[in-house]
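Asker: Each chain, letter by letter, is given below.
2 protein chains.
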Amino acid sequence: MAYELYYWDGLQGRGEFVRLALEDAGADYIDVARGAKKDGQGTGAMMKIIESESEPHIPFAPPFLRDGELIVPQVANILFYLGPKLGLSPKDEKLRYVANGLQLTIADMVAEVHDTHHPLASDLYYEDQKDAAKTRAKDFIDNRIPKFIGYFERVLKQNPHGSRHMVGDQITYVDLSIFQLVEGLHYAFPRATRTFAKQYPHVQALHDAVLDRPNIAAYVDSERRIPFNESGIFRHYPELDQDA
Amino acid sequence: MAYELYYWDGLQGRGEFVRLALEDAGADYIDVARGAKKDGQGTGAMMKIIESESEPHIPFAPPFLRDGELIVPQVANILFYLGPKLGLSPKDEKLRYVANGLQLTIADMVAEVHDTHHPLASDLYYEDQKDAAKTRAKDFIDNRIPKFIGYFERVLKQNPHGSRHMVGDQITYVDLSIFQLVEGLHYAFPRATRTFAKQYPHVQALHDAVLDRPNIAAYVDSERRIPFNESGIFRHYPELDQDA
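Chains A and H supply the protein sequences, listed in that same order. Residue numbering for the first sequence follows the UniProt record's numbering, beginning at 1 and increasing consecutively. Residue numbering for the second sequence follows the UniProt record's numbering, beginning at 1 and increasing consecutively.
Where hints are given, some of them may not hold.
What the hints assert, rightly or not - To give an idea of the chain H side of the interface with chain A (calculated C-beta under 10 Å), a few residues:
| hint | residue |
| --- | --- |
| 1 | S52 |
| 2 | E55 |
| 3 | I58 |
| 4 | P73 |
| 5 | G87 |
| 6 | T105 |
| 7 | L120 |
| 8 | F140 |
| 9 | K147 |
| 10 | H165 |
Stated by the list, open to error - Pulled from the structure, derived: some chain A residues nowhere near chain H, Cβ distances all over 12 Å:
| hint | residue |
| --- | --- |
| 11 | W8 |
| 12 | R34 |
| 13 | M47 |
| 14 | K147 |
| 15 | F196 |
| 16 | P201 |
| 17 | D212 |
Unchecked claim - Partial chain H-side listing against chain A, Cβ under 10 Å, derived:
| hint | residue |
| --- | --- |
| 18 | P56 |
| 19 | V75 |
| 20 | K94 |
| 21 | K138 |
| 22 | N159 |
Rather than coming from a laboratory, the hints here were simulated on the basis of the structure. Glycine included, every Cβ here is placed at the ideal spot set by N, Cα and C.
Sequences are here, hints too, so could you generate the full structure?
Answerer: Next comes the structure, spelled out in structure tokens:
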């Protein structure tokens, strides 16, 4: 049976980290909120689960995955669950906790990216918090990108199995998520990331290697890949960008 | 061998969610950063791991757990790892993903609590972002507490095994974390939480039931429990609090 992915239609957002794993593995999945109402899909089908008063395990927010009766919410949790089924987790069980720790650190950075354009309230318009956003984005560029990406660079360098992968000696969903993170940072902050490849050569090389994977290359060129836009997590607001 | 917990000395912070699980289970553990330098402990011992250039799996930040050679970072990951060993995870493996999803939603709320007093930058003093903090805290009280805690209330009400636990029919680490979340919200926002028990009766009842557990009651009364203070996640700044 196909996996059912539930995420907001029209943006990559957090759902994209799950899509990349499903696409790389060539898994059979339905992107439910992007489907047609006449097929029982669409945003309404997603909201029905979130607002259900009888569902035993309701999710707080998209993305969530439905696999038969089980609903698995939260990106890192979905990937922890799917990874072994898709061949995208380390085989060594202990390394799965290393992978999960890295994925949660990626999630922390993604939350901070969101807050560069919404530092005061998710429900307020960007235009109504632009000054605060400028302060937060400057701190993100000056301090947080170096801290997070510098850390991921060290993780690659210190990986005892070689610096081609974030954990272990083969591809995992963590590598795919690093690709997406780097893509997004380049999109949102082209000035701040101008010297990225020089500063973080292992991270950039991992990004490039993921993009060379046939299923990822095909996906990125397909209509299934929604372009980055200003509804997502990674938004390009030139006034928030600056040289690093 | 004793578990080694690494977290900043002098505050509850994110480490407290792990401490509560270890304490409830009566596990043998060392709170390393709070130990003495002469015993190879203290903050220096923690920083040595974080800054190591040879450690195969470095953590991004505290808290992290060391179990033999394995280093497990990130609260939800630590609890996912420890839960089965401490008897604080659901026995049904599928429910473990439900528990992890809930724990990650608690982690998201904890990050938002932090940002009520540090909306612009973690590295800036609170005093230098107080106006932004007031805006963010108001949104947190008006919108985010109802959204998150209202969700947890629904989770309890809709649990097919009964509303005494967040998942399944017995105590898990998620219940312990809900206790800590409620404690923290009451500490930080006494005005905003004045009618909490009435609005969220199941969540409040779960908090009270956890506090009745002998090991938790003994821990909370012990010197091992650091009092809430303004270095932690939950800070009581009266100017950020208001009636809900």
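Asker: Taking the hints in turn, state whether each one holds.
Answerer: These are the hints, each one checked on the structure:
no.	hint	result
1	S52	holds (8 Å)
2	E55	holds (7 Å)
3	I58	holds (6 Å)
4	P73	holds (4 Å)
5	G87	violated (19 Å)
6	T105	holds (5 Å)
7	L120	holds (5 Å)
8	F140	holds (8 Å)
9	K147	holds (8 Å)
10	H165	violated (13 Å)
11	W8	holds (16 Å)
12	R34	holds (22 Å)
13	M47	holds (14 Å)
14	K147	violated (8 Å)
15	F196	holds (19 Å)
16	P201	holds (17 Å)
17	D212	holds (26 Å)
18	P56	holds (5 Å)
19	V75	holds (9 Å)
20	K94	holds (5 Å)
21	K138	holds (8 Å)
22	N159	holds (7 Å)
Hint compliance for this structure: hints 5, 10 and 14 are not met, and every other hint is.
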